[in-house]
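**Q** Chains A and B supply the protein sequences, listed in that same order.
If you read the first sequence in the numbering used here, its first letter stands for residue 1, the second for the next number, and so on.
If you read the second sequence in the numbering used here, its first letter stands for residue 1, the second for the next number, and so on.
Check before you lean on any hint, since a few could be wrong.
[Stated by the list, open to error] Keeping only pairs whose Cα atoms sit at most 30 Å apart, straight-line, the calculated BS3-like set for lysine-lysine is:
1. B:K63 <-> B:K49
2. B:K63 <-> A:K247
3. A:K265 <-> A:K242
4. B:K49 <-> A:K242
5. A:K250 <-> A:K296
6. B:K49 <-> A:K265
7. B:K54 <-> A:K113
8. A:K247 <-> A:K296
9. A:K296 <-> A:K265
10. B:K28 <-> A:K389
11. A:K156 <-> A:K247
12. B:K54 <-> A:K247
13. A:K242 <-> A:K296
14. A:K333 <-> A:K356
15. A:K42 <-> A:K250
16. B:K28 <-> A:K250
17. A:K333 <-> B:K82
18. B:K15 <-> A:K247
19. A:K333 <-> A:K386
20. B:K82 <-> A:K356
21. A:K356 <-> B:K54
22. A:K156 <-> A:K296
23. A:K114 <-> A:K102
24. B:K54 <-> A:K265
25. A:K102 <-> A:K247
26. A:K247 <-> B:K28
27. A:K250 <-> B:K54
28. A:K333 <-> B:K28
29. A:K102 <-> B:K54
30. B:K49 <-> A:K15
31. A:K247 <-> B:K49
32. B:K63 <-> A:K156
33. B:K63 <-> A:K250
34. B:K82 <-> A:K247
35. A:K333 <-> B:K63
36. A:K15 <-> A:K42
37. B:K15 <-> A:K333
38. A:K42 <-> A:K156
39. B:K82 <-> B:K63
It is worth saying that the hints were derived from the structure and are not from the lab.
In this text, all values refer to a predicted model and were calculated from it rather than measured experimentally.
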Amino acid sequence: MAIATETAPTATLNKDEILRYSRHLIMPEVGMDGQQKLKAAKVLCIGTGGLGSPLALYLAAAGVGTLGLVDFDVVDYTNLQRQIIHTTADVGRKKLDSAAEKLEAINPFVEIKKFDTRLSSENALEIFRDFDIIADGTDNFPTRYLVNDACVLSGKPNVYGSIFRFEGQASVFATEEGPCYRCLYPEPPPPGLVPSCAEGGVLGILPGLVGVMQATEVVKLILGAGDPLIGRLLLIDALGMKFRELKLRKNPDCPACGTRPTITKLIDYNEFCGIRGEEEKPVSSGIPEIQVEELKRRLDAGDDLFVLDVREPHEYQICNIGGHLIPLNDLPKRVSELDSSREIVAHCKMGGRSAKAVAFLQQSGFKKVHNLTGGIIAWADRVDPKVPKY
Amino acid sequence: MNLPHDFPHLLGMAKIHIPTPLRQYAGKQTAVEVAGETVADAMSDLIAKHPDLKRHLYTDGGKLRSFVNIYLNDEDVRYLQKDATPIASGDNISIVPSIAGGL
Numbered sequence: 001m002a003i004a005t006e007t008a009p010t011a012t013l014n015k016d017e018i019l020r021y022s023r024h025l026i027m028p029e030v031g032m033d034g035q036q037k038l039k040a041a042k043v044l045c046i047g048t049g050g051l052g053s054p055l056a057l058y059l060a061a062a063g064v065g066t067l068g069l070v071d072f073d074v075v076d077y078t079n080l081q082r083q084i085i086h087t088t089a090d091v092g093r094k095k096l097d098s099a100a101e102k103l104e105a106i107n108p109f110v111e112i113k114k115f116d117t118r119l120s121s122e123n124a125l126e127i128f129r130d131f132d133i134i135a136d137g138t139d140n141f142p143t144r145y146l147v148n149d150a151c152v153l154s155g156k157p158n159v160y161g162s163i164f165r166f167e168g169q170a171s172v173f174a175t176e177e178g179p180c181y182r183c184l185y186p187e188p189p190p191p192g193l194v195p196s197c198a199e200g201g202v203l204g205i206l207p208g209l210v211g212v213m214q215a216t217e218v219v220k221l222i223l224g225a226g227d228p229l230i231g232r233l234l235l236i237d238a239l240g241m242k243f244r245e246l247k248l249r250k251n252p253d254c255p256a257c258g259t260r261p262t263i264t265k266l267i268d269y270n271e272f273c274g275i276r277g278e279e280e281k282p283v284s285s286g287i288p289e290i291q292v293e294e295l296k297r298r299l300d301a302g303d304d305l306f307v308l309d310v311r312e313p314h315e316y317q318i319c320n321i322g323g324h325l326i327p328l329n330d331l332p333k334r335v336s337e338l339d340s341s342r343e344i345v346a347h348c349k350m351g352g353r354s355a356k357a358v359a360f361l362q363q364s365g366f367k368k369v370h371n372l373t374g375g376i377i378a379w380a381d382r383v384d385p386k387v388p389k390y
Numbered sequence: 001m002n003l004p005h006d007f008p009h010l011l012g013m014a015k016i017h018i019p020t021p022l023r024q025y026a027g028k029q030t031a032v033e034v035a036g037e038t039v040a041d042a043m044s045d046l047i048a049k050h051p052d053l054k055r056h057l058y059t060d061g062g063k064l065r066s067f068v069n070i071y072l073n074d075e076d077v078r079y080l081q082k083d084a085t086p087i088a089s090g091d092n093i094s095i096v097p098s099i100a101g102g103l
């Protein structure tokens, strides 16, 4: 399927562009015709992070004429391990400005359109309007469903990639004849059940692999060449370096793209994904919380407090505040190590897992347990700046 | 995957691939050998071997969670005979949950 052929204005190449794209032009699969299609194409990249970095870099280098970027975030140090469009000197800058600068440096013939906003139900269709293909490089379920539905509603292909630790998925959704993301997954997991990259980590190279696959699919769609990943889900296991392919079918009962769609406009995706307010806040109520300043004051005063660290051993190696380490998953079988007569303060990285630990301990009959709000990151921010953050 | 053919003693077993987010509930294994005649048998055998997986794969009512798909080789079992899909020696079953990471 060729996306840009029919409506695209003829985009002619000047002498400098012909030299620049020489290695494309001498290939029959691209040639002058294909390079002009690339120049006429308008591709929107949602996110300029792990997936968006290689995706946008390669699309700019390949000569995609118009590249839209949507991002609201600021570059921080933890991004640099994988978000290769941003450099150390960019820390603190808007990702949008940092990314646009690199893309313009790689290829001044590309027009960059910046959208300094969080993609939402209010703005998605308006932003999508001027683009032919949407490439999804976001990192959360509400935005994944939003991008999918907006692609289905506006009839634009959704070039999809997602990653977790050392595993990735890639496909092309929402083409006219192919399935959409909802055909594969009608509903998202409840919040907290599937960890994000910020909680679970990600091998820095993996978004490179998957983002380059997305870029490849975008270019193929524009050229109308090869077999796009329509109706196929590619599973990437970087640790085993194994690639598997699963068949995807268009679900006739799909609420978005089925024969009788029930999603006829964009909805509230946070509500759809069961998210209310801040994600990192502990979801359960009735968990006694203690602030880091209070913990510090009481420890300094010599109060008898038992600090329980429920993170994983490799996290404990990065930094710790001397707590007794029992990873959350081991807590049920190691609960006998704890003395229920003592006051216990449980902590993790940010407060989510330790809230679960406190709930478990309460159910197990512990009466004096607290959750350290904000975890060891809050401790590093507000009590001891020598504790490294990760 | 030619394992069962290379190792005849494994015949009669199918392999269930465990995705990264669920490996912590399956003894950190990437794949588990299971026995049975249908997809349902294979999944029951998996749950029997690794009970912690159950609540992550099934609702309290015993329904497969809607963000998890089960594939027999490269086909979604929803489009075969669902749980009743027969399995043969050497088949690969995959649990494919949705993941959202990208930044």
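**Q** Evaluate each hint against the coordinates.
**A** For each hint, the structure was consulted:
For the hint linking K63 of chain B to K49 of chain B, the alpha-carbon distance of about 19 Å falls within 30 Å, and the restraint holds. Restraint check: the Cα-Cα separation between K63 of chain B and K247 of chain A comes to about 23 Å, which is no more than 30 Å; the hinted pair holds. For a cut-off of 30 Å, the pair hint linking K265 of chain A to K242 of chain A is broken: about 39 Å separates their Cα positions. Simply put, K49 of chain B and K242 of chain A have alpha-carbon atoms about 25 Å apart, close enough for the 30 Å limit, and the pair holds.
Between K250 of chain A and K296 of chain A the alpha-carbon distance is near 56 Å, which puts this suggested pair outside the 30 Å criterion. Restraint check for K49 of chain B and K265 of chain A: not satisfied, since their Cα atoms lie roughly 44 Å apart, outside the 30 Å limit. With a C-alpha separation of about 47 Å, the suggested pair K54 of chain B and K113 of chain A falls outside the 30 Å cut-off, and the hint is violated. A distance of roughly 55 Å separates the Cα atoms of K247 of chain A and K296 of chain A; the hinted pair therefore is violated under the 30 Å criterion.
Between K296 of chain A and K265 of chain A, the direct Cα distance comes to roughly 50 Å. Violation of the 30 Å bound is thereby established for this hinted pair. Taking the CA atoms of K28 of chain B and K389 of chain A, the gap is near 27 Å; set against the 30 Å cutoff, the hint holds. Taking the CA atoms of K156 of chain A and K247 of chain A, the gap is about 21 Å. The hint holds against a cut of 30 Å. Using a Cα cut-off of 30 Å, the hinted pair K54 of chain B and K247 of chain A holds, with the two alpha carbons roughly 25 Å apart.
With a CA separation close to 48 Å, the supplied pair K242 of chain A and K296 of chain A exceeds the 30 Å bound. At roughly 15 Å between alpha-carbon atoms, K333 of chain A and K356 of chain A fall within 30 Å of each other, so this suggested pair holds. At most 30 Å may separate the alpha-carbon atoms for a hinted pair to count; K42 of chain A and K250 of chain A meet this at roughly 26 Å. In summary, the hint linking K28 of chain B to K250 of chain A is not supported, as the alpha carbons are separated by about 33 Å, beyond the 30 Å threshold.
Among the hinted pairs, K333 of chain A with K82 of chain B is inconsistent with the structure: their alpha-carbon atoms are about 36 Å apart, more than 30 Å. For a cut-off of 30 Å, the pair hint linking K15 of chain B to K247 of chain A stands: about 19 Å separates their Cα positions. Among the hinted pairs, K333 of chain A with K386 of chain A is inconsistent with the structure: their alpha-carbon atoms are about 33 Å apart, more than 30 Å. A hinted pair counts as satisfied when its Cα atoms are at most 30 Å apart, and K82 of chain B with K356 of chain A does not qualify at roughly 34 Å.
Distance check on the hinted pair: K356 of chain A and K54 of chain B sit about 18 Å apart at the alpha-carbon level, within 30 Å; holds. The hinted pair formed by K156 of chain A and K296 of chain A fails the criterion: a straight-line CA distance of about 54 Å is larger than 30 Å. A hinted pair counts as satisfied when its Cα atoms are at most 30 Å apart, and K114 of chain A with K102 of chain A qualifies at roughly 13 Å. Under the criterion of a C-alpha separation no larger than 30 Å, the hint pairing K54 of chain B with K265 of chain A is inconsistent with the structure, at around 35 Å.
Restraint check: the Cα-Cα separation between K102 of chain A and K247 of chain A comes to about 37 Å, which exceeds 30 Å; the hinted pair is violated. Taking the CA atoms of K247 of chain A and K28 of chain B, the gap is near 27 Å; set against the 30 Å cutoff, the hint holds. Of the supplied pair hints, the one linking K250 of chain A and K54 of chain B holds, its CA atoms being roughly 28 Å apart against a limit of 30 Å. Simply put, K333 of chain A and K28 of chain B have alpha-carbon atoms about 17 Å apart, close enough for the 30 Å limit, and the pair holds.
Proposed proximity of K102 of chain A and K54 of chain B is contradicted: the alpha carbons are some 47 Å apart, above 30 Å. With a C-alpha separation of about 66 Å, the suggested pair K49 of chain B and K15 of chain A falls outside the 30 Å cut-off, and the hint is violated. In summary, the hint linking K247 of chain A to K49 of chain B is supported, as the alpha carbons are separated by about 28 Å, within the 30 Å threshold. The straight-line distance between the Cα atoms of K63 of chain B and K156 of chain A is roughly 33 Å, outside the 30 Å bound, and the hint therefore fails.
Distance check on the hinted pair: K63 of chain B and K250 of chain A sit about 22 Å apart at the alpha-carbon level, within 30 Å; holds. At roughly 15 Å between alpha-carbon atoms, K82 of chain B and K247 of chain A fall within 30 Å of each other, so this suggested pair holds. Note on K333 of chain A and K63 of chain B: the hinted pairing holds, with a Cα-Cα distance of about 28 Å set against a maximum of 30 Å. This hinted pair checks out: K15 of chain A and K42 of chain A have alpha carbons roughly 22 Å apart, not beyond 30 Å.
For the hint linking K15 of chain B to K333 of chain A, the alpha-carbon distance of about 29 Å falls within 30 Å, and the restraint holds. Between K42 of chain A and K156 of chain A the CA atoms are separated by roughly 11 Å; this keeps the pair inside 30 Å, and the hint holds. As the CA atoms of K82 of chain B and K63 of chain B are separated by approximately 12 Å, the hinted pair is consistent with the 30 Å bound.
Against the hints set out earlier in the document, violations occur for numbers 3, 5, 6, 7, 8, 9, 13, 16, 17, 19, 20, 22, 24, 25, 29, 30, 32.
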